Amino acid sequence: MSAVLLIAIPLLAAFLSILSKKLAPVLLLLVAAANIILIFFVPSGIVVIGGFDLPYGINLFFDTYAKISLIVVNALFLVVSLLNISEHKKMSSILLVSLAGLNGLLLTGDLFNLFVFLEVAGIAAYLITTTNKKPLSTFNYLVIGSVGSILYLFGLMILYGMFGTLNLMDMVYSIQNSSVAYSSLLLPFFFMFVGLGVEAKLLPFNAWVKGILKHSNTLSGPMIASVYAATISFVFGRLITNLFQFEGKLLLVVTILLVAGVVIGEAMAFASTKAREILLFSSISQACITILLFVNGIIIWAVYLIIANALSKLVLYLVVNKAAKQTESDDVEALQGLFVKNILVGIAFTVAALSVMGLPLFVGFVIKLNYLTNLVLMDQLLVVGLILIASLVEGIYFVKLLVKLWFKGDNEIDVKFNVSYKLVFAVITLLIIVFGTYTKPLENFDNGIDTVQDQIEVIYHG
Amino acid sequence: MKKLLAFIAVIGLGVLIILALDTNYQFPAFGYAYLPDRVSEHYITKGSDVDIIFGQTLNPESGPANIVTSIVVDYRSFDTLGEVTVLFISALGVSLLLGSAVTQKRLELEFKPNFMLRVGSRALFGIIIMTGVYVTLHGHLTPGGGFPGGTMIASAMLLLYLADDQFRAKIKSFKVLEGVAGSFYVIIGLVGLVVGTYFLSNFLDNGVVGDLLSSGIIPIVYILIGLKVGSEISGIIDNFLTEEETK
Amino acid sequence: MIQYAAILLMMIGLYGLLTNRNVVKIIVSLNILEIGLNIFIISIGFVYDGIAPIITSTNNSSALVFVDPLPQALVLTAIVIGVGTTALGLAIVKSIYAKYKTLEIDEVEEN
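Residue numbers (the numbering used here), protein chains in the order written: chain A, 1 to 462; chain B, 1 to 247; chain C, 1 to 111.
For reference, chain A alone in the conformation it holds in the complex (with noise of 0.2 Å):
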C-alpha cells in the first residue's frame, strides 16, 4: 500500500465518473470511505514518485504529522459528503477531484507541486462555490484565489534562482548551510506567505470571505469553512516550521499582521446582526491565531486547534445554514427560538459555540490554556493580552447568539433536521467532551510530530 494511491484512486474515479451520472454519487461515498481505510495502511516514510533519485524526482511525505491531518480532513470530508449528496448530485465529479486535491497538498514534498495541488484544489472550491448561486462571489474568490497562486509561484521561482532547486527538504537544506544575508530571503518569504495566506483567510487578504460564506448552504459552508481551512491550515503548519524562517522585521510585520486579524476579526463578529457573518469572522481570527501560533513554533497546540475548531464549525454551519435555506434570512432576529423545538440539535451547537470560547469542560478550554500558557513561556505577553481580550468579546457576542437562539421570539420558526444531521452533531459532541476532560490521549504527541528536519539529517549526514 503506497501514500499515493490516497490521491491517485480519487483520480481516477473523478476520470471515470463523468461517463455515467447515475453512478457518480455512488463512487464518491466509496471512493472517500476508502480512502479512510487506506491510511491506516499505509507506511510510514518517503515514497518516490517515478523511482529516481530524491532532489531530481518528485516524493511524497508521509510522517506522523501527514498521518493526523490526512485522517482529520478525509474524515470530515466523508462526513459533509454524505449530508449534501442527496441534493447536489452533480457535484459528484467536482467533489471527486477535491477530494485528491486536498490530499495531494497534505502529502507532498515538493514546493512546484505544492502549486500544482494548490490550484486543484483551489479550482474544485470555486466550483463548488458555484451552488450559492451569487455568480460575483464566486468571480471575486477566482479573481483573489488565482492572484495569491501567483504571488506564491512568484516568491518561490526566486527561491530556485537562489538555490537551485525545488524540494522541500533540499531546499531547507540548502538555505541552512549556506551563508545568504537574510535580508535577500525576506522578499520570497513575504510572497510565498502572502500567497497562502490569501487561502487561509489572513487579513488583509480576505475580501473574498464574506461574499462566500455569507451566502452558502449546507455543501458550501462546511467545505469551505472546515475541509479547506483545516488543510490550508496543516500546509501553512508544515511549511511554517521547516522553510520560512522568520526573524527580526519579517516577524515583527508578520505577528502584527496576524494579532491585527485576530482583533479586527473578533470586533467585526461583535458588530454584525447575521449569524453566517458572526461564524464567519469568528473563523477569520481563529484563522490568525493558528497561523500565530505556528510561527512561534508551538506546532501540537496549533494541530490540536485546527481539529477542535474544524469539528466545531462544521456543527455550526451545518446547522445555521440548514435553519438559513428553511427561514431564507439569517438574521438573528428571524432565527428567534430556533432550539426550543429542537433540544438535541440545540445542545450540540451550544457546546461547539463554548468549545470555541474556551470554556472549561469542553476540549477547546485545554487547547486555549495551553498555548496561552505556551506563549507566556515565550515572553510573548502583549500577543497573550491581546487574545484575552479578544476571548472576552467572542464570548460576549456568542452568548448573545445563544441567549437568542434558546429563547422564544416573536415569530414561529419550524426547522426540521434529519436523523444523519443528529446524528453528527451527537458524535461531535460527544469528542469534545469526553476529550475535554479525560485529557491524557492528547499528552501522547509533541512537537516532533514534524519530522522534516529529522529526514533530512538522516539523508545529508547519515
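Please note that a few of the clues may not be correct.
To be verified - Computed spacing ranges between beta-carbons, pair by pair:
id, chain 1, residue 1, chain 2, residue 2, range
1, B, 172, A, 182, 15 to 23 Å
2, A, 46, B, 59, 25 to 33 Å
3, B, 8, A, 251, 25 to 33 Å
4, B, 8, A, 458, 44 to 52 Å
5, C, 57, A, 51, 28 to 36 Å
6, A, 251, C, 57, 53 to 61 Å
7, A, 418, B, 172, 33 to 41 Å
As the list claims (entries may be wrong) - No farther apart than 25 Å at their CA atoms in a straight line, the calculated lysine-lysine pairs in the DSS-like style are these:
id, chain 1, residue 1, chain 2, residue 2
8, C, 25, A, 440
9, B, 105, A, 21
10, A, 274, A, 341
11, A, 214, A, 404
12, A, 22, B, 170
Stated by the list, open to error - Chain A regions said to be covered by chain B (calculated; three or more residues, Cβ under 8 Å):
id, stretch
13, 55–61
14, 82–95
15, 123–137
16, 369–380
Everything labelled a hint here was simulated from the structure, so no lab data went into it.
Here the structure is a predicted model, which means the values were calculated and not measured.
Beta carbons are placed, not taken as given, at the ideal position from N, Cα and C, and that holds for glycine.
Chains B and C: place on chain A using the hints.
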C-alpha cells in the same frame, strides 16, 4: 483618487522588487545562470558519466532527446497529472455552468458566414489536424508534445465552428474520449506501481536516444494528453457557442 | 533587460486588477499578470550563448552549453493552469451577465 493611490502602490512595489533582486547576491544576473549549481544539470546529462550522443546512446535513465519533455513527462510526471486534472475540472465547470439545459442550439450572431468560407474551411481542417497529430507524436524529439498538439486539434474544431453557423460536433463522444484518456493516464501510473514498484515509473524499454520509437511510455502518455486536451477545449468551445433552445 | 520588462508587465496587470470595474477587463488584467510571471520564470534560466535543450542530429551531444530546461517545464504547467482558470472565469462572466444583465461590478448589488 483611488486610481492614483493604486498607481503609486504598484510603482512602489515594482521598484521594491527590482531593488531587492538587484541587491541579492545569490540570485544570478540575467544570462549568468550557472547550471551545475542547479538540479537541471542532472536532467541534461541524464545522470550518466558519458555524454549522451544522438542516435547512439542506448537505454539512458530517461529516453527523450528533448530534455524539457523528459522533465515534464518523466521526472516530474506527477505535476503533469495535476495539470491535466486542472484542465479537466475547468472543462467540467464550464459545462456545468453553461451547458446545463437539456437541448442546446447554436448561438444566434449577427455575422452570417458565406458559402466560400464554409467550403474552404473544410479543406484547411485536414491540414491543421495533421499538423496537430505530427506535433503530438514527435513530442520527445522536437518541441511540442501533447499540449500544443491537442490545442491545434481544438483550433481546427474552432475553425469549423466559426465558419459554419449551424455546425455542432458530437459532444457526447468528446466526453467519453476525455474520461477514457484521463483514466488511462492514471492506469499507466498504477501499472508502473505494480510492475516497477513506483507510481508512474517507465516500465517499457527506453531505446536509442533520437529514434521515433523510443522513450518507453512517454509517446503513449503524450498521445493520451493530446486527445484529452483536444477534446476538452473543443467541449469548452461548444459550451460557449451554444445556448438554451427556447421554443 | 527582459526581467525588467517582465516585472513591468506584472505591475501593469496588477494595476489593471486594482482599478478596473468591468469584469472582462479584470480577466484580461489577470492574464497580463500571468504572462508577466511566465516571462520572468523563463528569464531565470537563460545562459548566454546557450542553445535550446534538445539533442538533435546537429547538436548531438549532451556536453554542449544548454539553457536551463527546468523553468521551461514549469512554465508549460503554469500556462495550462492559467488557461483553465481563464476559461472558468469567462463562464462565470457569462452567468453574471445572464443573471444581472450588466458587466460592471458597481451596478451589481450582491449583499
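Now the hints, each set against the structure:
A beta carbon spacing of about 58 Å between residue 172 of chain B and residue 182 of chain A contradicts the range 15 to 23 Å that was offered as a hint. Range check, residue 46 of chain A to residue 59 of chain B: Cβ separation about 27 Å, and the 25 to 33 Å hint holds. A hinted range of 25 to 33 Å holds for the C-beta pair residue 8 of chain B and residue 251 of chain A, which are about 27 Å apart. Remark: the range hint 44 to 52 Å for residue 8 of chain B to residue 458 of chain A is upheld by a beta-carbon distance near 50 Å.
The hinted window of 28 to 36 Å between residue 57 of chain C and residue 51 of chain A holds, with their beta carbons roughly 30 Å apart. Between residue 251 of chain A and residue 57 of chain C the Cβ separation comes to about 56 Å, which falls inside the hinted range of 53 to 61 Å. Between residue 418 of chain A and residue 172 of chain B the CB atoms are about 36 Å apart, so this pair conforms to the stated range of 33 to 41 Å. Taking the CA atoms of residue 25 of chain C and residue 440 of chain A, the gap is near 57 Å; set against the 25 Å cutoff, the hint is violated.
Straight-line distance between C-alpha atoms of residue 105 of chain B and residue 21 of chain A comes to about 22 Å, which keeps the hinted pair within the 25 Å bound. With a C-alpha separation of about 21 Å, the suggested pair residue 274 of chain A and residue 341 of chain A falls inside the 25 Å cut-off, and the hint holds. For the given pair, residue 214 of chain A sits about 19 Å from residue 404 of chain A by alpha-carbon distance, which is consistent with the 25 Å threshold. Taking the CA atoms of residue 22 of chain A and residue 170 of chain B, the gap is about 21 Å. The hint holds against a cut of 25 Å.
Counting residues of the stretch 55–61 of chain A whose beta carbon lies closer than 8 Å to any beta carbon of chain B gives 4, which reaches the threshold of three, so the coverage claim holds. Interface restraint, the stretch 82–95 of chain A with chain B: holds (3 residues with C-beta to C-beta distance below 8 Å; minimum three). Note: the stretch 123–137 of chain A has 5 residues with beta-carbon separation from chain B under 8 Å; the three-residue rule is met and the coverage holds. Counting residues of the stretch 369–380 of chain A whose beta carbon lies closer than 8 Å to any beta carbon of chain B gives 0, which falls short of the minimum of three for the stated coverage.
In terms of the numbered hints stated before, the structure departs from hints 1, 8 and 16, listed from lowest to highest.
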